[in-house]
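Engineer: Full structure from sequences and hints, please.
When we follow the UniProt record's numbering, the leftmost residue of the sequence shown carries the number 1, and every step to the right adds one.
Because the hints were derived from the structure by calculation, they are not lab data.
It cannot be assumed that every hint is accurate.
Simulated restraints, written as ranges between beta carbons of each label pair [as the list claims (entries may be wrong)]: (1) I60 to D10: 19 to 27 Å; (2) T70 to M1: 34 to 42 Å; (3) R59 to D10: 29 to 37 Å; (4) E45 to D11: 24 to 32 Å.
Predicted model only: the values in this text are computed from it and were never measured.
For each residue, glycine too, the CB sits at the ideal point set by N, CA and C.
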Amino acid sequence: MTWTWRYEGDDGATATVGGAAGSESFTSQGDAETWLGETWRELFEAGVIQVTLLDAGRRIYGPMSLRPVT
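Structural biologist: Rendered as structure tokens:
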């Protein structure tokens, strides 16, 4: 299984960071979720508004907002 995050804008369209439309690949859902927990602020600052978790290209959940709770 290959777990990745797809980067998205407000409208659900694919967003890119450094030319990439998604994260690196992870071997487990837990690894992918941990990575997001460590990097969501940087992604948001780079223009990613929400993300969707994919397993081998199949949507698992999302979109999930990266906006900070105020």
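Engineer: Indicate, hint by hint, whether the structure satisfies it.
Structural biologist: Consistency of the hints with the structure:
no. : hint                   : result
1   : I60 to D10: 19 to 27 Å : holds, 21 Å
2   : T70 to M1: 34 to 42 Å  : holds, 35 Å
3   : R59 to D10: 29 to 37 Å : violated, 18 Å
4   : E45 to D11: 24 to 32 Å : violated, 19 Å
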